[in-house]
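Asker: Chain order of the listed sequences is P and V.
Everything in the first sequence is counted per this note's numbering, starting at 39 for the first residue and increasing by one.
Everything in the second sequence is counted per this note's numbering, starting at 12 for the first residue and increasing by one.
Do not take every clue at face value.
Derived pair list, reagent style SDA-like, types lysine to any residue, alpha-carbon separation capped at 20 Å [to be verified]:
1. 384/V / 425/V
2. 425/V / 301/V
3. 384/V / 339/V
4. 384/V / 237/P
5. 384/V / 238/P
6. 301/V / 79/V
7. 377/V / 238/P
8. 251/V / 301/V
9. 384/V / 261/P
10. 384/V / 258/P
11. 384/V / 260/P
Worth flagging that the hints you see were computed from the coordinates, not collected in a lab.
Everything numeric in this text was worked out from a predicted model, so none of it was measured.
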Amino acid sequence: MTARAFRLHLSFALLGMLVGAGAAQAASDTVSAHADYSSAALYNAANAYARQGKSGLAVLDFERARVLSPNDSDILANLAVVRSSLGLPSVPGSWFARHARWANPNLLFWLGLAGLGLAGVGVLAIRFYPRQRRVAWPAAVLGVVLSSIALADALAIWPILHEAVVLHSITAQVSPITDGDTLFALPEGQIVQMTSRYPGYALVQTASGQTGWVVLANLAPVAPLG
Amino acid sequence: MRVSATRFHRLLPGFVASLLIGGMAFASDPVISAKIEPAEISLHQSANLTITSSGSDQRPITPPMVPGLDFTAVGQSQRIESVNGVSSSTVSITYQVTAQQSGIYTIPGINRSVQPLILRVDPDTGSHAATSSRSATSAFPPNASSSLPAGASHIAPDGTAFVRLRLPKHELYVGESIPVEIQVGTRDGLVASLNGLPTLNGDAFTLDNLSAQPQRRTQEIIGGKPFTVFTWRGVLAAVKPGTLSLTMETPLTVRIHSGRPGSDLFDDQAFADLFNDPAFQNFFGGTTEKDITVASPPTTFAVLPLPTQGRPEGFTGAVGEFQVSAGLSDRKLTAGDPATLRLTVNGEGDFARVNSAMLGSTSRWKAYQPAAKFNSADGTARRGEKIFEQPIIATEPGAQTVPALSFSYFDPQKRRYVVAQTAPLSVEVAAAPATAMSARADQVTSTAAPSSTLAGESHTGGLGLRSDRALAGIAAHSMVPLYFQPPYLALPSVLILAFPGLWFWLSRREQAGIGDPEARNAATATRLLTEMERATAAGDPEDFFQAARALLRRMLAGRWQIAENAVTLAEVDARLGTGSEVGTLLALAEEALYSRRRFARADLERWQRIVLREMRQENMS
């Protein structure tokens, strides 16, 4: 392969990846009217719930909206207002989670995929087309950076798969039975991690490390499956 | 049972002896009672088992053997009474009972006059004071007869237990849920403990809402033998059509007779029954515990598929009998203010499949995502009501109507689909104050903005919330990010696997001399340099000069844009002048090849430096 052909192929590969990522995102936007979740709709619904005094549902929809638009200032502000009215800390999450999640995770997924492709093509070019190193090195570095951003986002967002919002103030129990002994109170809007399930019950863990069983119907997962 | 005469004569003495011993035992049976307090403990707490024996003929009291329970004697008292010259004594022994793991334990009766005791042990949590004071009966509601027809009771071959199902019918549709009672009968005194809940054996059915504890405990006499029957209630549903069967099974620990004398005397069923009798075993001891699983006989169902004909649009899989009604939180609204639209679906069926899209947004109503909650009317969540609540906002003032809501389901009794509809709701919508509408329409900054919010952003409501926005923004079909959705997870995996494959393929091409000419030239040059270095180290002038000449000819051919075989000594002299170092090296190469002239290693090293210098100059240019 000549240098000119190589550059042509590399350009097409890069263009294809970027166009693919953009097209996927564009497709996502175009189907927004038919999509099951939309950050704006969730935000509006959360506002409506908050006005009706249904703070648990409001927190749930704000959290869901925050998954799709993690840096949306309106969502963060209103979530903080509702959480504050419930006596909860403003916005939960570790330093890593707050900084790694800076864009829509699905967009970052496509960018990460393009980055993975770039990094792979770049490394192959460095090894097998040494004359093209001036192009291949930046491509590989850019690819690694994009992949790392997506990987960090995936790691930061991983806990939401097990997160649930307490819809009504409840108490956690010792055991998953109807008249189980109570352990501690869970306020409405609290976010917990579901670590195990039993028919009708879930074993939850709070941010402070307390664990107990609660009636499953009082919880709503932030990221419902399906 | 058939016993030959000879065998009967052999068995007779043993039988008579057994009767005598048994008769003596029953004749002198003291009055024994037992109680356990509390009947419900946590894992690392203990209960007290008190066994009291009274009468004129006292025998030593031994603690029962229950797998998983430890009995430690902690106290003994004795009272002797003499009435009209007849003395009797009462002995009480208290055992501290601790459990090795949580569960429901059956402590067998000390003799046939004593009922088995139940000890419930909950998982340890560190705070169980309240539970400790409960009685054992709280776990078992009062006996209640079942409305379901009784199933067959196939007792296990060892006679210790059985599992049976009580079902209302054996023909059902896919997705239809039917109530089921699972009954586990345990032979009093022979079953030490139930080791788990009944489980479904078969992948064509689901069993839901099974209670953690038995709903009922009753006594039954089956075949003349007493059984304690534990009943659980649940909901059974089929997931695929066909003629399907299922069984239920339960793990148990049973106490079986051990150490039978080595005679075929006990092979006979009549004697096996005698020696398996709990009273006989308790008297003679010699029992061991064994974990077994008891299964119900297979129950066959005809599972029908849901018909495709007449399936309404929006059918979400609900099967059962339902009624629907709708309501609105307020019939007098102000444009822009939220109200709650409520759809109530009540009836009987699998409510997990009951779903409704509720109202879609229209030009007159802005509708939001509904939420649902379920109120069960029975313990199995098969009957009850599911309430869907949806925030809606009227956008125009005047007399408005909330459209009728519909809900479709399949009625297995009528064997057809049903679309239930609510009545439209009339609402009077007042015009909103101009400022409020303006605020919503233009999203201007509210004067009631809290100090923590940023300037230039709009707010609504007394809570200090920022206002709603147009329905756009980032959308997704699932809240689970693409990273964690298996189809998308495959994409990076494919890439990660593809690149090593490409690496391998390109390596093979390179080795075969196919591919990039520049890379091929570089590989050849590297090989010749290596060969030159090796020949220098070995003091081999022939190989050294051959490698050096090949390198120089390739280099000069590239520089002068001529064929490699056109780079002759004459051409070099003509282009570089006679006596150049390169020309001299080419001449020496020919000489080394044909004259076998010997060179010192230092000479070879000097020529190697010259070749490398030429190559560096070529690369720099």
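Asker: Give me the numbers of the hints this structure contradicts, sorted from smallest to largest.
Answerer: 1, 2, 7, 8
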